[in-house]
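Enquirer: One-letter residues, chain by chain:
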Amino acid sequence: MSYLTAGPIDVAALHSAVHAPDRGGVAAFVGLVRDHHQGRAVLRLEYSAYGPMAEAECARIVAEAEARWRVAIALQHRLGALAIGDAAVAVVAASAHRDDAFAACRHVIEEVKRRVPVWKREYYADGTVAWVDPTAAMQHA
Amino acid sequence: MSYLTAGPIDVAALHSAVHAPDRGGVAAFVGLVRDHHQGRAVLRLEYSAYGPMAEAECARIVAEAEARWRVAIALQHRLGALAIGDAAVAVVAASAHRDDAFAACRHVIEEVKRRVPVWKREYYADGTVAWVDPTAAMQHA
Amino acid sequence: MAAIAPASVTVRVLLFASYAESLGADSLDLTLSSPATVGGVVERLRALPGGRLLPPKPLCARNLAHADAAEPVTDGDEIAVLPPLAGG
Amino acid sequence: MAAIAPASVTVRVLLFASYAESLGADSLDLTLSSPATVGGVVERLRALPGGRLLPPKPLCARNLAHADAAEPVTDGDEIAVLPPLAGG
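In order, the protein sequences belong to chains A, B, C and D. Quick note on numbering: this note's numbering labels position 45 of the first sequence as 1195, and the sequence is numbered without any gaps. Quick note on numbering: this note's numbering labels position 57 of the second sequence as 1207, and the sequence is numbered without any gaps. Quick note on numbering: this note's numbering labels position 11 of the third sequence as 12, and the sequence is numbered without any gaps. Quick note on numbering: this note's numbering labels position 3 of the fourth sequence as 4, and the sequence is numbered without any gaps.
A portion of the hints provided could be inaccurate.
[Stated by the list, open to error] Reference listing, derived: stretches of chain C covered by chain B, where coverage requires no fewer than 3 residues with Cβ under 8 Å from a Cβ of chain B: (1) 14-20; (2) 65-78; (3) 81-88.
Hint data in this document are derived by calculation from the structure and do not stem from the laboratory. Cβ atoms here follow ideal geometry from the backbone N, Cα and C, with glycine treated the same way.
With the hints as extra help, turn the sequences into a complete structure.
Expert: Structure, rendered in structure tokens:
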């Protein structure tokens, strides 16, 4: 399964990809498109990526997590035009150990945000459009 | 929605119950029936509960988490006969804040295991049957 | 002073899982002299046939909420004696 | 001693999102004198029209992996200059 998808993320399929009879604990994270960003009403957005590197970086993040914890990871990031409420990213971590499942799931989503070359263009209700810069958002928060 | 269910847990329905345009982060945990318990092959199992108290305790756990974190929680525990790989419990925590979603999800599953009156009878491949005692398992581990 | 006849409390006891098997019953009514506590209910149960299979301080609930052994019981209470929980 | 003519390296530069808009291009080829680094590629980009909109030390990648400014570049490398990441 590719880490990047142009269509809707099938969270159930990600679960199926990592479920196994000896993995009793499954932690998951799904990031959804929100209707606001820093107080501005968002109508829709577009994700774009440096595709080959994004695929490679996702693979590295998953491999690192699977080496560090006793866990199987499924990960997918959506690209293209998304509407409010659409899933933009999903991580599923399955393990025999609840601690490992939670720790790996959390780690993977943080690393995806930190390392995977994906950009977000937001279209606002006031007619403006902007590339989202999370580093600037942190300074303003 | 009842916290206890005799049928399969619909994880997607639990997601839908807490998704909202201002909640961009959804953390979830699903506990699946494993094929082994303390080294013994498990064929199937049965969950039973002190139903009215289990419902009340689930409601208290959810209310406590929703008071402590900025989060909406969906929770369901399955009862009756389950096969290997079936979902026994699911927690979904949706929030505008990723930290809150993860913290609340983790807290709720720990509290469910600690406080909700549910019992598990395991049927083993060797023909024996036993009530599972997690406190004894911890001593043996 | 004339001795005051002790009032009594009757509670409905619920047993589950391995405890129900040990005592051969899912529920029973117990009448105790007042004042009575959750711990007093357990003590009475342990004196019944099969009751020694219950631990001295099992997890208990009173009226659908977890309760300490010291918690007083009132006439009509539902007292549940809970084997080790295994949910999740 | 005779001066040694410096060898040159040619790299393919990829630009994305706001940086592609700033420089008006998604990709371009740059030839630098050897030895060259990722930081040297950025310096050259900042000298182009619109290049001042790039920060002095942007996030960069070399051949599909994150790379420091000090990392050497080799002929044929793919160097990507990455605006602030906004995935997830």
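Enquirer: Of all the hints given earlier, name the ones this structure violates by number, lowest first.
Expert: none
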